[in-house]
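Enquirer: Listed here are the chains, written in short residue letters.
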Amino acid sequence: MKILYLYRFKPVESEAQKAIEKLAEALRKDNEVKEFRLYEENPDYDKLVEMIWEADKVISWW
Amino acid sequence: MAVYKFMFLIPNKIYISDGVRSTLGVAVENHYGFAAILNQKIPPVTEYVKENLEWIRDMEGDVFCVVDTMDEEARKYNVDEAGLTPITLEELAKKTLECDYIIAYGLPYQLRELPSMCADTRTVETAKAEEG
Amino acid sequence: MPEEEKDMDKLGIFVTNPHQETWRHLKGIVNAVQKAGKKVRVFFTYKSVHLVQQPDFPEFSKLIPEEDLAICLDSYTCEGFDGVPVGLTEKQMRTQAYHGEIVDVCGKYITL
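Chains as they are written, first to last, in the working numbering: chain A, -17 to 44; chain B, 1364 to 1495; chain C, 167 to 278.
Just chain A, with the same shape it has in the complex:
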């Protein structure tokens, strides 16, 4: 399955963040995962929309 990981917030190092990363890593299993970072400066929303439509599923992580 094609999955898009959409990261919305800049990660802050913590045990809680590590748990989420572990979960996100586990969910990559047997899937083709692409990533988009919304929190980077001037995110390309047009590109994001393209990627949303290319993916079978989008997981909007924090």
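These are calculated hints, taken from the structure and not from any lab test.
There's no promise every hint is true.
Chain C stretches covered by chain A per the calculated footprint, using a threshold of three residues with CB under 8 Å from any CB of chain A [claimed, not checked]:
1. 196 to 206
2. 265 to 277
Cut-off 16 Å, straight-line C-alpha distance, at most; resulting in silico cross-link-like pairs (EDC-like, lysine to aspartate or glutamate) [stated by the list, open to error]:
3. A:Lys(-8) x A:Glu3
4. C:Lys193 x A:Glu(-5)
5. A:Lys(-16) x B:Glu1476
Model, not experiment: these values are computed from the prediction.
Glycine included, C-beta positions come from ideal geometry on N, C-alpha and C.
Could you slot chains B and C onto chain A? The hints should help.
Expert: For chains B and C alone, kept in the frame of chain A given last:
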């Protein structure tokens, strides 16, 4: 109409009660709703939240607490007092893989300690005693 | 009311928090979706309902047909508000059922 499985991931304490409500919301629309509380104690379980938990379970969903993301005190409270279903991160990953919609609900985990006005450290037992 | 078919050209957006960056991204994404000739359905829940107070919310609401934009009435009420926010109609004050409907009618879905 298709039936979907939802997993609500809830790491921020302020968003727990409403994340559970949203989980019920999808269940009421004939989907399967699951919620996973990470990192901390659920706020004191009111009658409203208790009813929501029961309803979600009646509709074959569940509300989990991810035990390896919290300390012993939080684990004990969430499982023994609030009645959440314990689950490890690995088990959560397996359950989440089965879901059609994975919702990272609300804001990220909050590092700042909650002040008294919103920390609410009552237990269910204390709240029951207060209600009389 | 006839059941809506799932529209593969429609993006469902479940807005779950009132962060200022969430507002910025929501506007950016809605604009990009419409520029691409596609549609959105947006639902604001819990504290994200505060975003209706953004000065450009009324302008934003005009971009989306009435049936494709709603806020959770209970959330709005529990945040202390009365009435209907500027930019919305009474019909757009909905329940959590609206979120369940989003996945039934939208081919694509994200959370903000």
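Enquirer: Give a verdict on every hint.
Expert: Hint check results:
Interface restraint, the stretch 196 to 206 of chain C with chain A: holds (6 residues with C-beta to C-beta distance below 8 Å; minimum three). By the rule of at least three residues with a Cβ nearer than 8 Å to a Cβ of chain A, the coverage given for the stretch 265 to 277 of chain C holds, with 4 such residues. Between A:Lys(-8) and A:Glu3 the CA atoms are separated by roughly 13 Å; this keeps the pair inside 16 Å, and the hint holds. Only pairs whose Cα atoms come within 16 Å are accepted, and C:Lys193 paired with A:Glu(-5) is rejected, the gap being roughly 28 Å.
Taking the CA atoms of A:Lys(-16) and B:Glu1476, the gap is near 38 Å; set against the 16 Å cutoff, the hint is violated.
Consistency with the previously given hints fails for numbers 4 and 5, ordered from lowest to highest.
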